[in-house]
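For the protein sequence lines, the chains are S, C and U, in the order given. When we follow UniProt numbering, the leftmost residue of the first sequence carries the number 1, and every step to the right adds one. When we follow UniProt numbering, the leftmost residue of the second sequence carries the number 1, and every step to the right adds one. When we follow UniProt numbering, the leftmost residue of the third sequence carries the number 1, and every step to the right adds one.
There could be a bad hint or two in this list.
As the list claims (entries may be wrong) - In silico BS3-like pairs for lysine-lysine, Cα to Cα no more than 30 Å straight-line: (1) Lys30/C / Lys29/S; (2) Lys29/U / Lys30/S; (3) Lys29/S / Lys29/C.
Note that these hints are calculated values from the structure, not bench results.
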Amino acid sequence: MDGSAVLHVLDLIGIFVFGITGALVGVRKKLDVFGIQVLALVTGLGGGFIRDVLIGQTPPAALRDWRYLVVPIVAGLLTFFLHPGIGRLERLVNLFDAAGLALFCVTGALKAIDFGLSPISAALLGVLSGIGGGVLRDVLSGRVPVVLRSEIYATPALLGAGIVVVAAALGYHASWVPIAAALACFGIRLLAIRRGWNAPLPRNP
Amino acid sequence: MDGSAVLHVLDLIGIFVFGITGALVGVRKKLDVFGIQVLALVTGLGGGFIRDVLIGQTPPAALRDWRYLVVPIVAGLLTFFLHPGIGRLERLVNLFDAAGLALFCVTGALKAIDFGLSPISAALLGVLSGIGGGVLRDVLSGRVPVVLRSEIYATPALLGAGIVVVAAALGYHASWVPIAAALACFGIRLLAIRRGWNAPLPRNP
Amino acid sequence: MDGSAVLHVLDLIGIFVFGITGALVGVRKKLDVFGIQVLALVTGLGGGFIRDVLIGQTPPAALRDWRYLVVPIVAGLLTFFLHPGIGRLERLVNLFDAAGLALFCVTGALKAIDFGLSPISAALLGVLSGIGGGVLRDVLSGRVPVVLRSEIYATPALLGAGIVVVAAALGYHASWVPIAAALACFGIRLLAIRRGWNAPLPRNP
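Excised from the complex, chain S in its bound form:
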């Protein structure tokens, strides 16, 4: 499987898992089936829209390839019919959100490199792609964006994007690099949730 196909598959999986988080937040907010679909679409496609608009690839991939639209709709419908009890919702949102973050920070950085951005800019674009969908989901549904709550969130995304960027800068393009980078981001994000890791707070003078 070449690099472009890996990118495509990781992108679609990322859209799927982010779509699930949007739908789960919708279930939790007791939205109806259409509100849930809107949140699934916005959360699944938002990060990629921001990424593609910023690098100037318009219309974004999701508007040129119908498979990108089917994926979050299926994620939303599956969640609507199969979601678990309210008590377990937030844990599932965190789990799938970590997976989406990991996948999008990697695909965002890869795409930015393909478009000739410098390593630092590619890493930033990876982070923006990773956090974009979740920020839109949380702002639309009236939650404080997860990236601003007191947890390790942007850092693992920067790590995942950074691994991809450094590997590319060293001329190393094996297809397992993005997968390893995504796993590193995913693992650290989950550990941070499980262990309740917190970053330093500002001192209080």
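Here the structure of chain S is known, so what remains is to put chains C and U in place on it, guided by the hints.
Okay, now just chains C and U, sitting in the frame of chain S:
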């Protein structure tokens, strides 16, 4: 009147009615005259900005043609001076918002077809154009976005955009098609508000 | 120093002071060091991203030149370590926010003129660039956007952008024009805060 002129006129009317809803929400939130103008501009132009940025037509139409700027400013000033009592505000917001939704879902889909997007993508872009201005208005003024509240909202927009897309796919380009599509969306949205139609809610396991 | 260099320097200073306001709001909301960095980046770069995407210059300047990324990160770190007591935070946010507004309304208008937009559109783009970063900061951190609160905010931005636009339309390109325009916007914004100037409110029928 050819298709492009119809598109232009419907677009300007849509900006006008969305501008009114932004200004009315500003009046309701007791904003001053400048805050009201900002909400009128953002609500009137927001959906079109999102549409034009996503299809890659930048600068957006509203930045290349000064008439697009005058329309929401006039809408805001008229609303500031002539708005009714607070009690009737929300009903008027709903009425004009339904009109703006109907017009933008149609013009968004038409423009996407002109730019060569596939039918499914054109329909999605129509829905995004239709709901974009209202979402920005509600997020900026601290309301839950209307598209997420428990009412039929995105569905009539999808219907309106869908009629336009299907007609175009069948090679049928009569100038009454977008008008009929907008009326269908407008009518169903108003009926949904009047009758209190609700979409299915997720079950509660 | 030619016009392009003036634009560049004003842009970087604007990113720095907006970055400080984002970080100060983060300190006030008791975010951790990473949440504060995210707010500093979004607030510093947000207005420029909106400006560059709308005029079609993608990737935005901040993604093509690494200095644009270092500036808000430094602003965020300085604020994290050196911020004052909570009581004085809001006053400092207002001060730096006025400076950022003044600088961005001017650089936004200048850049729009360079890209061939009409005077009216260039003025609007200047206002959007000026208010964009602060709106993103306030929406993400759950505050009512400052542009909608009952104070003179969009008006001085329009004045600053207007001075630049009128001077350019008259063929006058001296490098002190943007600096004078930014000072005019800054001074009026500060006076409005100090004196508690308010714009007319809608009558209450």
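Now the hints, each set against the structure:
1. The hinted pair formed by Lys30/C and Lys29/S meets the criterion: a straight-line CA distance of about 28 Å does not exceed 30 Å.
2. Between Lys29/U and Lys30/S the alpha-carbon distance is near 28 Å, which keeps this suggested pair within the 30 Å criterion.
3. With a CA separation close to 24 Å, the supplied pair Lys29/S and Lys29/C stays within the 30 Å bound.
When held up to the earlier numbered hints, the structure conflicts with none and fits them all.
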